[in-house]
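Heads up: the protein sequence lines correspond to chains A and B, in order.
Those letters in the first sequence? Residues 2 to 231, by my numbering.
Those letters in the second sequence? Residues 17 to 93, by my numbering.
There could be a bad hint or two in this list.
[As the list claims (entries may be wrong)] Straight line, CA to CA, 25 angstroms or less: simulated BS3-like cross-link-like pairs of lysine-lysine:
#1 A:Lys155 x A:Lys121
#2 B:Lys78 x A:Lys80
#3 A:Lys87 x A:Lys126
#4 A:Lys17 x B:Lys78
#5 A:Lys108 x B:Lys51
#6 A:Lys98 x A:Lys68
[What the hints assert, rightly or not] Selected chain B positions facing chain A (in silico; Cβ < 7 angstroms):
#7 Val49
#8 Thr53
#9 Ile80
#10 Trp82
No lab work stands behind these hints: they were computed from the structure.
Please read all numbers here as calculations on a predicted model, not as lab measurements.
In this text, a Cβ means the ideal position worked out from N, Cα and C, and glycines have one as well.
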Amino acid sequence: MRAVTLSNPTILRYLKRHFVCGWRNIAGQESYAGTSNMHYVNWRAVKTTTCAGHRNVQSFFMTPDGKVAHCLPGFWDAKWFLEEAKFARELGRLYQKDMSTAERNLKFLDLHLTHALQHKAELRKSSPLQGFDKNRMSRDGSDFRRDDGFVSGKLKTTDQVVHERMAERPYLDFSRFRAAGFVNMGVRHFDNGRDGCRDPEHRHGNQTSVRRFAKRFELPRSAKSNVRTK
Amino acid sequence: MRIGIGLCMLGLIFSGVSTNEVIGQDAVHGAQVYKRTKALVQSIAWSSSLEDLKAEASRTGKMIFWLQLVGDLDEGL
Chain A
2 MRAVTLSNPT
12 ILRYLKRHFV
22 CGWRNIAGQE
32 SYAGTSNMHY
42 VNWRAVKTTT
52 CAGHRNVQSF
62 FMTPDGKVAH
72 CLPGFWDAKW
82 FLEEAKFARE
92 LGRLYQKDMS
102 TAERNLKFLD
112 LHLTHALQHK
122 AELRKSSPLQ
132 GFDKNRMSRD
142 GSDFRRDDGF
152 VSGKLKTTDQ
162 VVHERMAERP
172 YLDFSRFRAA
182 GFVNMGVRHF
192 DNGRDGCRDP
202 EHRHGNQTSV
212 RRFAKRFELP
222 RSAKSNVRTK
Chain B
17 MRIGIGLCML
27 GLIFSGVSTN
37 EVIGQDAVHG
47 AQVYKRTKAL
57 VQSIAWSSSL
67 EDLKAEASRT
77 GKMIFWLQLV
87 GDLDEGL
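All chains should be modelled from the sequences, with the hints used to inform the complete structure.
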């Protein structure tokens, strides 16, 4: 995210011009913080699918008094990140308007859902859930399931779910924004090498069950050797 | 033409390139990652305090961009 998107010259200029910026390391600080293989500052970085690494990176856009207008979990390509940052500014302007809270919240919901509908096909195509995440999020009760409509049974893409979730959280103060529920898009471990994601919450205790675990999720042979317990 | 596309697809399959890697075809190499990260850290005045940012945002009228990471922005992630 930092090497591909945030350091993109256009993004850098935009952030510098329209935002005051801060960052925080959430490792060991937040229950929803994910785990991943170590990635050093001089290691190769690749673009990946939208929202991949949802528990490892979160980009919040807030009003000056700390109300969350938008949040992007995980990776977003620079092109889409810029669109979302511009959209966040539109929400920032709405927040400044003189109107009732109910009216503003309704408009917030409307803007998020309309923006999601207007996402380009290219963005939707690059926003599928990754393997293990898909398995986790296809369970009953998940908001990724499309239970109604003529495309029922298929899972929604991450770019759509982000806006649906935001629509339910109009201008919440950052301290009240329950990020754990918001960033839940699958397993906790983001495997940037794509050599077999594993979920520490469901880690098995011995190699036999790990092999069974790998077989159950049909990991490629190379991945099975990488599934290990700590 | 069709044969060419077919051969390309076969090439991708046998080289072990997944859909994700096709999406991520423009990778940033190690040295570039270092340079770009350095630029990111140096060209923006990053703060670690949300309260300070709120004060600055109120003063300047800008919005707040708050990044949460598992790891350090300028070091390992």
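How the hints compare with the structure:
1. A:Lys155 x A:Lys121: Within the cut-off at roughly 19 angstroms; holds.
2. B:Lys78 x A:Lys80: The given pair, whose Cα atoms are some 22 angstroms apart, holds under the 25 angstroms limit.
3. A:Lys87 x A:Lys126: holds (21 angstroms)
4. A:Lys17 x B:Lys78: holds (10 angstroms)
5. A:Lys108 x B:Lys51: violated (41 angstroms)
6. A:Lys98 x A:Lys68: holds (14 angstroms)
7. Val49: holds (4 angstroms)
8. Thr53: Holds - the Cβ of threonine 53 of chain B comes within 7 angstroms of chain A, reaching about 5 angstroms at its closest.
9. Ile80: holds (4 angstroms)
10. Trp82: Holds, about 4 angstroms.
Checked against the numbered hints above, the structure violates only hint 5.
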